[in-house]
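Q: Listed below, chain by chain, are the residues.
Protein chains: 2
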Amino acid sequence: MNSFLDSILDPTQIQSLDLEQLELLALDIRHRIIEVMSVNGGHLASNLGIVELTIALHKVFHSPHDKLIFDTSHQTYTHKILTGRNSLFPTIRKFKGLSGFAHPDESCHDHFYAGHAGTALSLALGVAASRDLNQENYHVLPILGDASLTCGLTLEALNNLPQSLKKFIIVLNDNAMSISKNVGSITNILSRFFHPSQPSCSDGSKKPNNTASFFEHYGLNYLGPIDGHNLKKLIATLELAKQSATPCIIHALTIKGQGMLSAIENPTTYHGARPFEPLTGKFLPNPSTKPTFPQIFGKHLLKMADEDPNLIVLTPAMPAGSCLTALIEKHPKRCLDVGIAEGHCVTFAGGLAYNKTKKVIVSIYATFLQRAFDNLFQDVCLQKLPVIFALDRAGLAGGDGSTHNGIYDIAFLNAMPNMIIAQPRSGHKLKELLESAFSYNMPVAIRYPNLSTETPDLPLLPCSLGKGEILHKGSHLAILALGHKCETALQVKNLLEKEEIYPTIVDPIFIKPLDEELLYQIFLAHPLIVTIEEHSLEGGFGQLINSFAVTHGLKNVILNLGIPSVYVEHGTHAELSKELKLDALSITDTIIEHFSLKSLTPQLS
Amino acid sequence: MNSFLDSILDPTQIQSLDLEQLELLALDIRHRIIEVMSVNGGHLASNLGIVELTIALHKVFHSPHDKLIFDTSHQTYTHKILTGRNSLFPTIRKFKGLSGFAHPDESCHDHFYAGHAGTALSLALGVAASRDLNQENYHVLPILGDASLTCGLTLEALNNLPQSLKKFIIVLNDNAMSISKNVGSITNILSRFFHPSQPSCSDGSKKPNNTASFFEHYGLNYLGPIDGHNLKKLIATLELAKQSATPCIIHALTIKGQGMLSAIENPTTYHGARPFEPLTGKFLPNPSTKPTFPQIFGKHLLKMADEDPNLIVLTPAMPAGSCLTALIEKHPKRCLDVGIAEGHCVTFAGGLAYNKTKKVIVSIYATFLQRAFDNLFQDVCLQKLPVIFALDRAGLAGGDGSTHNGIYDIAFLNAMPNMIIAQPRSGHKLKELLESAFSYNMPVAIRYPNLSTETPDLPLLPCSLGKGEILHKGSHLAILALGHKCETALQVKNLLEKEEIYPTIVDPIFIKPLDEELLYQIFLAHPLIVTIEEHSLEGGFGQLINSFAVTHGLKNVILNLGIPSVYVEHGTHAELSKELKLDALSITDTIIEHFSLKSLTPQLS
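Same order as they appear, the protein sequences are chains L and V. Quick note, the first sequence lines up with residues 0 to 604 if you use numbering that gives the first Met the number 0. Quick note, the second sequence lines up with residues 0 to 604 if you use numbering that gives the first Met the number 0.
Keep in mind that the hints are not guaranteed to be accurate.
Unchecked claim - Listed below are the simulated SDA-like cross-link pairs for lysine to any residue, each with C-alpha atoms no more than 20 Å apart in a straight line: (1) K383/V <-> N354/L; (2) K554/L <-> N555/V; (3) K383/V <-> V567/L; (4) K332/V <-> E135/L; (5) K332/L <-> P161/V; (6) K166/V <-> N354/L; (7) K355/L <-> D65/V.
Unchecked claim - Not the full set, but computed from the structure, chain L residues with beta-carbon under 10 Å of chain V: (8) G114; (9) A319; (10) Y353.
For the record, the hints were derived by calculation from the structure and aren't laboratory data. Even glycine gets a Cβ: it sits at the ideal position worked out from N, Cα and C.
Isolated chain L (complex conformation) (with noise of 0.2 Å):
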């Protein structure tokens, strides 16, 4: 089908193509992306904007010799169809399969893993110290986007450039995006003059002196800007970086989504794409229809902001993957985008409650939280202050894989004083611990997955803090699981009861402070307990279990299900839940294989 493209087996073929074979190899990638995302989806409109920057890229440069380091990694999908994995591309963020990130382990051409924004820079920096120290002699070329400058470890970054660096190419793909539109000042810094879709400059204060001059500070000599489509131009403008003698940076303009028209004229939405009809960009109906937990999320804010006129939601650069476009739209003062920012979010979110007139959500997801501990330490809960964190996609990150799982976050938030911590079963349950969490008077994780959930239109009653509930009264054993493993522990329990064994099942809701109480109760009477969660076992909600019962002296066999202490790549979240043993079905055999449950029953009667 891609006859050309199916010869390409390494990058190195692609030196040898004349302008008009790269335009025509630059096509036949473009079709293969669409191609293969309307089945697969994936991050499409970032991909379709960088095929010719990477293109030009592999032409003018000698990869893996040299060291092309994306950030962020979303968009090496042109990368990997030109580094011989374009075989493997229908795989991609499959179980199993391609990952939709750069990834060490499939290829010698990607060089690091990353999945965050920003770390490019500091990465290259690293690079680049580490050759120059051995004498070596290599081009190294940080590839970022200009949502990344939002970023403080860009900035960071961009301060240490060292005067004698020699041979480093910063390559900024600007498509005046994060996920969403760009924010801040770097959006007015960054020139649009040469801009394809913008091709005149209407605001003096963008024109390219002022972001040469902004570049310039930092020692770097500035290309640009350029048109990222144009080939001719690309390679042009590479040739001369390769030859300069001491750092620079070459600004292309690109356009994503570049290649399909609904994608162009809606980037946010085509940047994580569904599924979709190739030849007209329409979405697959979703299988699903129930709704998700960050979009119940979204809409019941909304109602909240509606009804409460204190209420600030902040975002770091996630206003649609966490379902609060439509908030933003019609609170814009509101309901602030940060830009890729977590740190600055989370201590900003601390100035703003500090005199507590205003009820600040922060909106995060649980991954990215990973970038601001020691704001939500220092900022927050030393403050004392009520913030509530809204922990989107914590668990399994699905197709995402590694660098995005938010399976970390009990362990850290956990250490915190002063930290409340909650996780709802249901997206009836988000909705009340959001109504009641300002209640606490303290910062209040509320932790959820990007899966599907019951939101049945019944009354929503306060959650009193620290108190778990029995969802179901068995025997011979507890089950405590954690929001949405209270559903697989249901399951469990259908499936146990076959076999003639009755569970009780708890759901903590709280994972601190625990219902101490009614564990108390609960281990009194029932000599096993299991616990599950969709976390690390290794500072999880079991480990408390554990030594809550340590502490108290209970002697109950308890057994922990969770995720061991390894990186878990991508899949379905089925998939990854049955390889996990945490589906319904594995944790009922480990449960029967586990206990020996005749010689302990006789300890109830």
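Use these hints to put chain V onto chain L, whose structure you have.
A: Structure of chain V alone, referenced to chain L:
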């Protein structure tokens, strides 16, 4: 003694003083700071440098109505003296005395706890956003040092200055220093044109226009640079800023140590000064003759760097505190200070270690690694890179208090796959771990406190990964003590033996992986297990031991001693240990009280 100063009980009194009186006040305050610091020790040089600036701020603005938000906040001594805390000033950094940092519990003039740098701008933006939403009318003034501009958090906040913002005055206290000399491009961007110690501009690139243009990119009206010790100019400039309709930045050039010759000449030495002779500045003799863990680290690392040209050491602005000064001087290309940029430091380390030709050591305070948790996760652990983290100041921070305690690192490090965590009980063991760590071929954290320790002149033996040691064999109970708490445990042993209780003392050395074989033996031989750690009990070593016991079905009685889930304030290590019942006497009492030892001994026979 300072009669004029003693009469100032409230900053409103300053507003009626004329210039001459204010200058006398500055003189008095400087004397007062030197007088108290010469006895207590503390942050001397930075406080001497900001006397006039603080006076001018209180002259022109109305605290606490107008919000002075100090970054890092160890430079708030003049602010404390002027806001009713002069009489308590001799208690600064002492147990139950004034904090060495801004502290909201002390005064309504202190709005935020701060100790980690770079937070003031984000906090101030939050306060200003809340003010504007509430349609209130006061000034917000973040006061930050030039070194905070190396910190990504400050730069994220700069990007987020809203265009609608009014009444926002950034005060840049530029002394060209962090604790050591400031680093990176920012040192070139900030003009020294009017710097009193460098009156003429030798470098055209540092002309004020360059500085102005840098800040104007962010929409700031730039005022300066001005002489930060000239009260008249400071007051005039602040009055000008007060009238400004747009956000502005005042760039004040100050001299760290101003008013004390020895501090001006050695600002790093006098940053966190030991007690000294007030007239000469000569340091009083150090009562301890034993070296500290950081001193042994710095000295031994220099030896290792001399022997191995592939060793590289990174520090985020802490070369003096972490005893790397000699190393930087001797190997400037292999010991790099990256500024207050912890995130970049760790990701840069990942880049340096990437091709495994370099041995990379990140020297970082345990509390500051909190700022690089995500970098550690993605750019080191996920990559399985053998970067060594030397976690200085692990444990209680002494005089620095709640913002600086290094008592959460085990909790977040232990959750990381591929991570190794160790803690040496002595300087000798620290050297052995440093020598052995690269052989593990994985990320390794070695945590140690800023306390004196033993370093006998014995041969260095390799430390087998994950192997603990029995320090003393007893029978009634086993004490597992982490790092320097082994010394405490041996004291406890002596005290318990007087009561005819004979404990076994175990040094686990490794927290991850645990020495499960040794633990199993210990658990089988001792019905009572006591864990001792200078770390938060939540997520600490004790909880890991509890989970070990539960997982292996071991029913021993376990007592976990450590730091409860509260913020621990400042004091000497001995005072805090006693208060937390972690000193030998308290632990002995706890063990005797807690266990009914007689009832347990029969199990041993």
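Q: Hint by hint, note whether the structure agrees.
A: Status of each hint after checking the structure:
1. K383/V <-> N354/L: violated, 44 Å
2. K554/L <-> N555/V: Given that 20 Å is the threshold and the Cα spacing comes to 9 Å, the pair holds.
3. K383/V <-> V567/L: holds, 14 Å
4. K332/V <-> E135/L: Status holds; Cα separation ~16 Å.
5. K332/L <-> P161/V: Measuring from Cα to Cα gives roughly 11 Å; hence the hint holds.
6. K166/V <-> N354/L: Distance of about 18 Å is within 20 Å: holds.
7. K355/L <-> D65/V: Given pair K355/L, D65/V holds - Cα atoms ~17 Å apart, limit 20 Å.
8. G114: Interface hint status for G114/L: holds (7 Å vs cutoff 10 Å).
9. A319: violated, 19 Å
10. Y353: holds, 6 Å
Hints 1, 9 from the list above are not met by this structure, while the remaining hints are.
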